[in-house]
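Given these sequences and hints, build the entire structure.
Heads up: the sequence lines are chains E and B, in that order. Read in order, the letters of the first sequence correspond to residues 2 to 290 in our numbering. Read in order, the letters of the second sequence correspond to residues 2 to 328 in our numbering.
None of these hints come from the bench; they were simulated from the model. Since the structure is predicted, the reported quantities are computational estimates derived from the model, not experimental observations. Each hint can be trusted.
Just so you have them, the derived chain B footprint on chain E, three or more residues with Cβ under 8 Å:
{"id": "1", "segment": "79-93"}
{"id": "2", "segment": "222-233"}
These stretches of chain E come out as covered by chain B in the derived footprint (C-beta under 8 Å, 3 or more residues):
{"id": "3", "segment": "252-265"}
{"id": "4", "segment": "272-283"}
Virtual Cβ for every residue (Gly too), placed ideally from N, Cα, C.
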Amino acid sequence: MGSLVQIGVNGLAQGSIYALLALAIAVIYNTTETFNFAQGEFVLLAAYLSASLMGVMPWYLAMLVAIAAISLFGATAFQRVAYWPLRNATFEFVIVSTLGVSLFLRNIAKIIWGAIPRPYPEYFGGVWRVAGISIVKQHVLILAVTGLLIFLFYLFMMKTTLGAMMRATAQNKQAATLMGVKVNRMVSLTYFFAALLGSVAGILIAPIYFLTIDMGMATMNKGFAATIVGGFGSIPGAIVGGLLLGLVEAFATAFISPVYKDAYTFVTLIAILVFLPRGIFGERIAEKV
Amino acid sequence: MRFKRSYLWYLIGLVALLVLPQVISSPYTMFLLNMAVIYIILALGLNVVFGMTGMLNLASLAFSGIGAYTSGVLAVRFGLPFPLALIGAVLVTMAFGLVIGLPTIRIGGHYLAFMTIAFGEIMRLIFQNWTPVTGGAIGLSGIKYATIGPLVFKTHWSYYYLSVTLLLIMVYIANRVRVSKLGRAFEAVRGSEVAARALGINTYYHKVLAFVLGAAFGGVAGTLYAFLMRYVDPGTFTFEDSARVLTMVMVGGRGSIAGVVVGAFLLTFLPEWLRFLKDYYMAIYGLGILLIVLFLPGGVASLWDKVRARLAASRRSPAVQTSAGKG
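Structure, rendered in structure tokens:
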């Protein structure tokens with residue numbers, strides 16, 4: 002029983018990271034109807050940048066500055082270059098442009114920080130032992146931060162005017178424009194959130210895994226899987242999909258075999274695609290013509 | 002006159018393709034040339050699926066992987082020669098195309114793109130973990146040199162003639178499809194599915210057909226890869242490389258066969274040409290992809306059209322002036 006709780010916490014923590022990425026993918030899909038294949042690079046850049054900044058400032062400040070810098074980068078330069086010029090083109094163009102930017106950013110990171118994996122300083126190291134269960138502190142931090150972030154995001158989307166404007170943009174751009182919503186600002190805001198979620202995820206997982214040049218790519222793939230499992234363009238779906246994948250991974254690793262860790266995600270994916278092709282919370286409407 | 006001139010161009014192209022290996026002395030360049038041929042075939046396959054029919058398939062490498070492993074297994078474990086392994090690989094990839102295509106294409110749109118990503122990841126994991134058949138993480142080795150009857154393709158030079166022959170066949174097929182009724186139906190589906198249906202085109206049937214046809218190209222490319230390397234490694238068939246094939250089609254100009262050939266060739270050799278940039282070459286490569294998508298959305302093929310339009314305009318303008326003078 003105790004070990005079950007322990008595995009569950011591990012799974013939820015891992016799933017929270019997938020959920021953050023899936024949320025970013027869903028937010029971008031809702032506003033722009035396309036994908037950002039450089040999403041993983043926000044994860045990578047924030048993790049490396051914060052590690053470097055720790056040399057010159059306290060760790061908490063380094064993390065905040067890195068998150069702020071990457072979020073602003075996503076909302077401004079990144080979005081202006083990789084998405085905005087192609088906003089009227091079909092979605093494949095944005096896929097290719099973001100792939101190009103992703104390649105660019107990853108290789109620049111490789112030049113700056115080197116290709117060798119390195120450890121990330123741990124500030125929530127150690128384990129809590131409660132009633133025979135050991136719980137990794139970092140996992141608790143991940144759960145708390147993700148929960149808080151999702152709660153704040155929910156408040157923003159549902160309770161503020163700006164959030165309503167974003168939802169309006171997602172529903173119908175033209176109507177939103179007629180109502181005085183500045184769509185270009187909504188796009189900036191969307192990319193701000195995507196970069197924010199990505200960079201927080203990067204800083205949260207960095208202490209668990211090493212810093213590697215491919216960490217962004219690997220996390221993004223799971224984020225995409227979570228989006229499909231949860232249902233495309235659905236915000237609750239992204240969260241549930243991420244957590245579900247994390248749990249499946251943790252329990253299957255514990256009870257079946259750790260060798261196929263990545264396979265479980267994709268077996269879940271197949272099962273979902275076969276039985277619920279539009280995901281758990283998938284859109285019920287047909288594709289827009 | 003026009004026919005003769007186009008035949009002349011074909012002849013020049015053919016001679017150039019045949020003579021090309023004679024002027025190359027480095028085995029590495031020859032190897033890259035063979036890789037370029039393989040990528041061109043993959044890109045042509047994606048061009049049928051995505052360029053012509055408008056379905057985004059992000060698992061090109063999964064199909065080439067199925068092709069490579071099928072022909073590899075047929076050659077190593079069943080001792081089949083190259084032609085039979087090739088036929089087997091094409092049939093198996095087409096069967097996979099059908100099995101994957103039938104359920105996913107019905108859902109369509111953005112979902113298809115995602116499902117192909119998922120399919121690609123699943124295939125990669127199967128390649129990596131189904132050790133008794135694929136050799137697992139160590140890969141499948143022991144593939145003998147490709148032979149067709151008495152011909153043995155040992156060097157990269159001789160292999161080039163084999164791969165280029167297959168390439169010409171695939172270009173021919175791609176072109177036949179494009180100019181046929183089938184190709185026009187594919188393009189109608191891409192243009193507007195509703196309109197295509199209104200014209201009496203069975204869109205579902207045509208989409209599945211395009212998908213299966215595209216898979217066959219993957220089977221050919223995979224077989225060529227398996228016999229070129231004589232070793233198949235699961236790390237080859239990644240999402241990133243599938244994305245690279247998509248980039249080749251976009252850079253070349255989706256829908257244009259000549260453009261896709263040029264795009265795939267360029268993107269295979271570009272990283273090599275950029276090597277003088279040392280550490281920066283992959284970053285510059287990424288930047289180049291971005292710039293092409295931003296400033297040349299129709300790809301290299303549209304560049305050619307632009308040049309031709311400008312030439313035609315400059316040729317026309319004096320005539321316009323004289324007629325204006327007369328008036």
